[in-house]
Amino acid sequence: MEEELISKKELLELTGISYGQLYRWKRKQLIPEEWFIRKSVFTGQETFFPKERILGRIHNIINLKDGFSLDELADKLTDTALVNGLAFTADQIIERNIVSRVCLERFGDIMDKTKTYDFGQVVQLFTLDRLLSGGELNLDEADQLFHTLAEQTPRFGAKGWELFFIRKMGVSFFLLSAAPAEILFDKGARLVVRISLTDIMEQLNGKLNRP
Amino acid sequence: MDEQQLPDLLLTGVTGGAGGRYNKVSLDGVCKVNGNVSARMFQGNGVITVLGDAVTEELQANGKIKINGSLQAERIGGDGLVTVNRDLRGESCRLNGKLNVKGNCDLEELNGEGVFEIKGLLSAGHVNFTLHGQAKAGGIGVESLVIRSLDGGIWNKLASSIISKLKAQLITTIIEGDVLDLECTSAEVVRGGVVRIGPGCSIGRVEYLTELTVHPDAAVGRVEKNGE
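Line by line, the protein sequences are chains B and Z. Just so we're aligned, residue 1 is where the first sequence starts under the numbering used here, counting upward by one. Just so we're aligned, residue 1 is where the second sequence starts under the numbering used here, counting upward by one.
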């Protein structure tokens, strides 16, 4: 899956931040060096960013930066303890647009108003919802994935994991590994999705921190 | 870091010393430090070579200092030639002479006179620099940038017309920043909020957000206003 890129110019227009801020955040390591992707275009060299990740990150920085110094922020953005203790009801999840109603109906317990979902479950639902709405898997595969995630992700504990979704000759399967992993495939295998817990956390953080 | 327990490294003459953690490193003469070094204070006078990375709160260098690895310093005061073979990372740098960085250069403040040559990206908060010769950077991203050229006398002008390296000029591909005040700069692209293109500049394309002034002695290819 090719990640969608955004040029630096578009990014600044979209978010309203200045060049100075962007470079300052880079120096403070709030934005990882490897997100700055240099590419040749017809007007010369341009810098691009992975769109979803950088937008999520900038959103988080802007939301959090009033309360903390930039150095504290750098720790905070990679810290998962902040949100780990939270629990949500089905209504809250839908209201905050974290998981779509369809997805929650199928995999959650939408009728039970008192049921709360802990953060790990929200992460699982959010992952499913994202992949489903992106059209990357069908519902049967989503069932499979849901069970895999529910069973296996607690084993990783606080460590990050990465999910690989692979298709070969019409057969699909999932692979979970401790991040960062380097996995090589044979020729016929197609990597449909590669997503890591940090990516998901990043996007979730954005949704949760929104007032 | 417990300052009391760390030893000092004091060398004079043509000598060498081992790397490691020190409270104060003071080197005079032709000295070589074998390996990585970390110190609260690093002073070097003469020809100093560090065969590794250097981490220090304060670096004072007079003469020629070369770091084979990367350099991380809160404050840098350099008179003479400072060479870093990998990345330079720091808060403020006051320079009189030449700064040569083979990797990226991240600083909050860069002030001084002389020239710099940065292979990678110069990313800084504020840059205020007076050029004495040909300076180069792979790219520049800043909050504010002021580049001036030394108004040399007749001899300087004569010499610089023969040897192009002596001509005060900044050569880079791209400059991005909020406030840019340029002189004697040659770049492919300049993008900024408030941009002033001074005499001696040759810019391929200028993109600005709020304000642009171009000196009559500057050559500018295309101008675009952003945000409309």
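The set of hints was computed from the structure by calculation and includes no laboratory data. A hint or two may mislead.
Estimated spans, in silico, between C-beta atoms of each pair [as the list claims (entries may be wrong)]:
| hint | chain 1 | residue 1 | chain 2 | residue 2 | range |
| --- | --- | --- | --- | --- | --- |
| 1 | Z | Leu51 | B | Leu5 | 34 to 44 Å |
| 2 | Z | Arg94 | B | Leu70 | 22 to 32 Å |
| 3 | Z | Pro199 | B | Ser177 | 57 to 67 Å |
| 4 | B | Glu13 | Z | Ser202 | 22 to 32 Å |
| 5 | B | Gly188 | Z | Val220 | 24 to 34 Å |
| 6 | B | Glu33 | Z | Gly52 | 17 to 27 Å |
| 7 | Z | Ala159 | B | Phe42 | 34 to 44 Å |
| 8 | B | Ser40 | Z | Ser161 | 47 to 57 Å |
| 9 | Z | Val223 | B | Gln29 | 27 to 37 Å |
| 10 | B | Phe42 | Z | Thr12 | 24 to 34 Å |
Idealized CB from N, CA, C, for every residue including glycine.
The hints, checked one at a time:
Taking the beta carbon of each, Z:Leu51 and B:Leu5 are about 40 Å apart, inside 34 to 44 Å as hinted. For Z:Arg94 and B:Leu70, the Cβ-Cβ distance of about 23 Å falls inside the hinted range of 22 to 32 Å, so the restraint holds. Between Z:Pro199 and B:Ser177, the C-beta spacing of about 59 Å keeps the proposed range 57 to 67 Å intact. Judged by the Cβ atoms, the range 22 to 32 Å given for B:Glu13 and Z:Ser202 holds: they are separated by roughly 27 Å.
Taking the beta carbon of each, B:Gly188 and Z:Val220 are about 54 Å apart, not inside 24 to 34 Å as hinted. Roughly 22 Å separates the CB atoms of B:Glu33 and Z:Gly52, a value that falls within the hinted 17 to 27 Å. Between Z:Ala159 and B:Phe42 the C-beta distance comes to about 39 Å, which sits within the given range of 34 to 44 Å. Restraint check, B:Ser40 to Z:Ser161: a C-beta distance of roughly 35 Å breaks the suggested window 47 to 57 Å.
Between Z:Val223 and B:Gln29 the C-beta distance comes to about 35 Å, which sits within the given range of 27 to 37 Å. For B:Phe42 and Z:Thr12, the hinted distance range of 24 to 34 Å is not satisfied, since their beta carbons lie about 58 Å from each other.
Against the hints set out earlier in the document, violations occur for numbers 5, 8 and 10.
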